[in-house]
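Residue numbers (my numbering): 421 to 1200.
Quick caveat, the hints were computed from the structure, so don't treat them as lab data. Among these hints, one or two may not hold up.
[What the hints assert, rightly or not] Derived pair list, reagent style PhoX-like, types lysine-lysine, alpha-carbon separation capped at 20 Å:
1) Lys1171 x Lys449
2) Lys890 x Lys778
3) Lys777 x Lys888
4) Lys675 x Lys583
5) Lys569 x Lys604
6) Lys1171 x Lys442
7) Lys752 x Lys423
8) Lys1053 x Lys657
9) Lys802 x Lys747
10) Lys747 x Lys722
11) Lys454 x Lys511
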Amino acid sequence: MSKIRTHILGYPRIGEQRELKKATELHWKGEIPKPALESVGKELRKHNWKKQAAAGIDLVSCNDFSFYDQVLDATCLFGNVPARFNWQGGKVGLETLFAIARGARETQGDCCGGSCGSGSAGFASEMTKWFDTNYHYIVPEFKADTAFKLSDSKVFDEFREAKTLGLNAKPVLIGPVTYLSLGKVQDPANPEFDRFELLDRLLPVYEEVIAKLADEGAEWIQIDEPVLALDLDARQKECFIESYGRLAKAAGSAKLLVATYFGELRDNLALFLGLPVAALHYDAVRGEAEADALLAAFPDDKILSLGIVDGRNIWKNHFDASLAVLKKAKAKLGAERLWVSASSSLLHTPVTLASEKKLDAEIKDWLAFADEKLVEIVALGKLLAGEGDEAELEANRASQKRRLESTRIHNPAVKARLAAVTPADSQRASAFPLRQRVQREKLGLPLFPTTTIGSFPQTAEVRAARAKWKKGALSDQDYDAFLKEETRKCVAWQDEIGIDMPVHGEFERNDMVEYFGEQLDGYAFSQFGWVQSYGSRCVKPPILFGDITRPRPMTVEWITYAQSLTNNPMKGMLTGPVTILNWSFVRDDQPRSVSCKQLALAIRDEVLDLEKAGVRVIQIDEAALREGLPLRKSQWKEYLDWAVESFRITANGVKDDTQIHTHMCYSEFNDIISAIADMDADVITIETSRSNMELLEAFVEFKYPNEIGPGVYDIHSPRIPTVAQMENLIQKASDVIPEGNLWVNPDCGLKTRGWEEVRPALINMVEAARKLRAAAAVTV
421 MSKIRTHILG YPRIGEQREL KKATELHWKG EIPKPALESV GKELRKHNWK KQAAAGIDLV
481 SCNDFSFYDQ VLDATCLFGN VPARFNWQGG KVGLETLFAI ARGARETQGD CCGGSCGSGS
541 AGFASEMTKW FDTNYHYIVP EFKADTAFKL SDSKVFDEFR EAKTLGLNAK PVLIGPVTYL
601 SLGKVQDPAN PEFDRFELLD RLLPVYEEVI AKLADEGAEW IQIDEPVLAL DLDARQKECF
661 IESYGRLAKA AGSAKLLVAT YFGELRDNLA LFLGLPVAAL HYDAVRGEAE ADALLAAFPD
721 DKILSLGIVD GRNIWKNHFD ASLAVLKKAK AKLGAERLWV SASSSLLHTP VTLASEKKLD
781 AEIKDWLAFA DEKLVEIVAL GKLLAGEGDE AELEANRASQ KRRLESTRIH NPAVKARLAA
841 VTPADSQRAS AFPLRQRVQR EKLGLPLFPT TTIGSFPQTA EVRAARAKWK KGALSDQDYD
901 AFLKEETRKC VAWQDEIGID MPVHGEFERN DMVEYFGEQL DGYAFSQFGW VQSYGSRCVK
961 PPILFGDITR PRPMTVEWIT YAQSLTNNPM KGMLTGPVTI LNWSFVRDDQ PRSVSCKQLA
1021 LAIRDEVLDL EKAGVRVIQI DEAALREGLP LRKSQWKEYL DWAVESFRIT ANGVKDDTQI
1081 HTHMCYSEFN DIISAIADMD ADVITIETSR SNMELLEAFV EFKYPNEIGP GVYDIHSPRI
1141 PTVAQMENLI QKASDVIPEG NLWVNPDCGL KTRGWEEVRP ALINMVEAAR KLRAAAAVTV
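Can you make the complete structure from the sequences, with help from the hints?
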């Protein structure tokens, strides 16, 4: 029997206990030097590679590791450092990489030891979502005069590390068309510049990298081109043809594998199949419906890597279903031209189930994290080759049967309630103009009202108290008293500096999704199921396995306590159904739309209970609304219809004088602005500071009718913005948005920042709003 080769596209980089996060943050605080951080990275890479090899993976992946983000790594590799960081050439160092990602504190005078600029010039590059995942990448910046030059040795260093360990490593690169497609032109002198004109300057660096890897002994080089799952224009398609005609020649003794994932290829299928490379990787999970067409047209001179194990979700692979697809592929291609893999990088899944000692045993039996997926890939390869263990196949069948027959998944009452929903359940009693008038009378807010997005710093003391409480070392009473004192101090400080609409700080919450999932029936929780969101930020998505109900109020006690501490209107904080859905690992046995509407009904109950308790302002965060968009525009309407309906079901049972807020994070809004308007929130807060109010343009052009809070403070950077900087951003917003509809707030929640940053930044924000009020009063 011929062996079926196995590989993966990438592996989680954070470590089983988030070792990378912890080391990186210690380095940022100045508590460990750069060599110590680099040593942690080296040990993690070694550990990850050895795990892949031990599981039986034939080709381990290298250069999938990053200290921040793989797209930013490519930016540094190509020497595409924005001019404001004053990079002087040579190798792009780790501190410059961090400065591009995080910006620089103005008080430091420089952001990386003098190598990357100072003062206000050191603002961070824009960050946005990686396709439709909750991973964020740092957006490459392009200008008409952008030049590229090989400026980092990371990809070569890590290949040598793996080679030294005796491993057959496959370097991974972001493809040139994807890199250019995901970047933005940031050129005031030439804003209409076509970034694809840079291809001829970029390709020589790719050719140099690929040739050097071949010289180093790389057998295979993986080039990721996930933009093939998008709607491509003619220019992008031309770039593919030009790029791979050249890169194939540069490869020499190495062979190229082009990988696409996250969706079907559709009209890009012929382009993909025609690329002059040795192997092609296809996502057979997201592209399952297209698999037969792919096989029918697959060329005779290429290897097919079939991504049959889901790299995006945590459910155990259904061996029989996967083998049915794989056997078709084997019959068409033969064993020699078929590889077995995960659909995408395993970056999007937790590391291992081995550490999960508290996870419900029945539910744990249904799951597979990254390490378990390695085993699944190898098992499928062996079963396909006729070398597998039949007992392993039978065990998989038994697990699938137990899940299918579990009584914990379905709740007839939930299904009946959802079936009874009518259009009236998603309608406010009155149109926005009337609601706005009533709310203004009720709330009595000034012009340019100030607020925050919800969370305040989760300090070491807060985290330590939570850890002690979870271990039983702190009683429920003492923990409750601690949280109330933190809340009291937070509310008092907001009143002291003049925040017009305070929040309670969310000190009782571990995560904006997990906190709610823990209180909803139909959810389960891992102990160590962390995945990277951006940089050192990790999240632990809850596991939505069954029908959703809310057994009891979740936030009412905390919000009403906070309201008792101030005469200002306290904003109640909830996470919306679409965001809870998109930031969870979601069951795969029913449509996502059904699960979302079940969540909507549960959160609706919470909204109505808050209103009954006297809370007159309720924020329902939908930070992840846009990231759930299908990659193809032809599928957007269907998604937006049920997503917007879910939000409206959640929000629209309240009276006219209850003000509904929502918040959206780093997103491009232009294409979905009408859907955002259809949500009919009274106030929307959005990210705009990193983009210098660029994202506000969509709301202006659309003539968005409701109130808006464009962020004036980038909370993802340690920089403390000045009064003048925030005043300038608010002024830019007030030039295009009616002053009476304009709020002043940070971009996002303050959970990840320290008080030493938050205090001066919010004081400056309040002062900026006061100055603009005074100016407006003089004008009147």
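Hints, one by one, checked against the model:
1. With a C-alpha separation of about 17 Å, the suggested pair Lys1171 and Lys449 falls inside the 20 Å cut-off, and the hint holds.
2. For the suggested pair Lys890 and Lys778, the alpha carbons sit about 12 Å apart, so the restraint of at most 20 Å is met.
3. Of the pairs offered as hints, the one joining Lys777 and Lys888 holds, with about 18 Å between alpha carbons and a cut-off of 20 Å not exceeded.
4. Between Lys675 and Lys583 the CA atoms are separated by roughly 17 Å; this keeps the pair inside 20 Å, and the hint holds.
5. Taking the CA atoms of Lys569 and Lys604, the gap is near 19 Å; set against the 20 Å cutoff, the hint holds.
6. Simply put, Lys1171 and Lys442 have alpha-carbon atoms about 16 Å apart, close enough for the 20 Å limit, and the pair holds.
7. A hinted pair counts as satisfied when its Cα atoms are at most 20 Å apart, and Lys752 with Lys423 qualifies at roughly 16 Å.
8. In summary, the hint linking Lys1053 to Lys657 is supported, as the alpha carbons are separated by about 18 Å, within the 20 Å threshold.
9. Between the alpha carbons of Lys802 and Lys747 the distance comes to roughly 12 Å, so the proposed pair stays at or under 20 Å and holds.
10. For the hint pairing Lys747 with Lys722, the CA-to-CA distance comes to about 18 Å; that is within 20 Å, so the pair holds.
11. Restraint check for Lys454 and Lys511: the C-alpha separation of about 15 Å stays at or below 20 Å, so the hint holds.
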